[in-house]
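Visitor: Work out the full structure: start from the sequences and follow the hints.
Here the sequence shown stands for residues 2 to 307, where the numbers follow the numbering used here.
None of these hints come from the bench; they were simulated from the model. Backbone N, C-alpha and C define an ideal beta-carbon position, used for all residues, glycine too. Possibly wrong hints are sitting among the right ones.
To be verified - Computed spacing ranges between beta-carbons, pair by pair:
#1 Arg43 with Gln235: 22 to 30 Å
#2 Lys65 with Ile155: 34 to 42 Å
#3 Asn3 with Gln235: 34 to 42 Å
#4 Thr261 with Ser283: 19 to 27 Å
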Amino acid sequence: MNLFISNLIILFFSIIFSYALLIKIIPFLTLDIPNERSSHHRPVYRGGGIVFILISLLAIPFTKFYSLLFLLPLIIISYLDDLYTISSKIRYLIQFITVFFILNFNLNLPIDNKFFIIILLIAGTGIINFTNFIDGIDALVSSNMIIAFTHLLIMNQSNNLYPLIGGLLAFLLLNKSPAKVFMGDVGSTFLGAIFFMEIIKIGDYKIAFFSLAVTLPIYCDAFFCVLARFINKQNIFSSHKKHLYQRLAASGINHNKVATIYCSCSLLIALSAYTYNLTIVSMVITFVLMIGFFLNKFYAVPFLEE
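Guide: Given below as structure tokens:
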């Protein structure tokens, strides 16, 4: 059977299976009770990310994506963190070990410099945590990661991502505002780890840069927020509502509209990447950053007021 047709069948069944499973397990998930740091105002079930994780793991015999097994410790500790409160030191240790194994078995970029390997270790744990930080309003992470993984699938022929994309599409149906379920730490950390893994598997620096650039709208939000909190002498490890997406939502913009803004920017960068022209991609990235600064100045609740 044609490989493309086979992958479409896998995608279709991943959507159907994930949606049916998610509907079944939602009542058994943990309720996320709103607090002063929440962007939602009613209890919502969290931990639904376990569904697109399960579909990815169950599809291994078809996708041969055995590297997913390296993420099992991260999946377990993140799932427990959704149920209980796990020490941040333990979580960071597991994340560091996970990134170490990802680099050891998946790094495909021609890198010999040990210092750069250390940078990649920091970057890997950063991407995992940034993905988790951005998962604060309905549909934001799920929709943006669908674009990022679809771009990887097209640009780098990452056919092992079909089940995950199918699971995310099913999840998005119940995660759009008003959300019936959140992915939880188990979902967001898994997505961050998978994204990092796919980036370092790319053997071409240019394609790796383009693929990373697609996620700049969400990751730049996380990075600039951490930087701003550090400059303002705030505890960068404490919970808050100072990300741009949170301040846009706090200003009264609907969660779906905020997610659409971020998705549109990601999609714009992805489309520019298909020109394979670094100048064009850089210009689009600059334009997207300008949109972010514009939204921050004229629409979002001021950083120091939130």
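Visitor: All hints, please: hold or fail.
Guide: Cross-check of the supplied hints:
The supplied range of 22 to 30 Å is met by Arg43 and Gln235, whose beta-carbon atoms lie about 28 Å from each other. Between Lys65 and Ile155, the C-beta spacing of about 19 Å breaks the proposed range 34 to 42 Å. Asn3 and Gln235 have their C-beta atoms about 54 Å apart, which leaves the hinted 34 to 42 Å range violated. One distance hint, 19 to 27 Å for the beta-carbon pair Thr261 and Ser283, holds here, with the actual separation near 24 Å.
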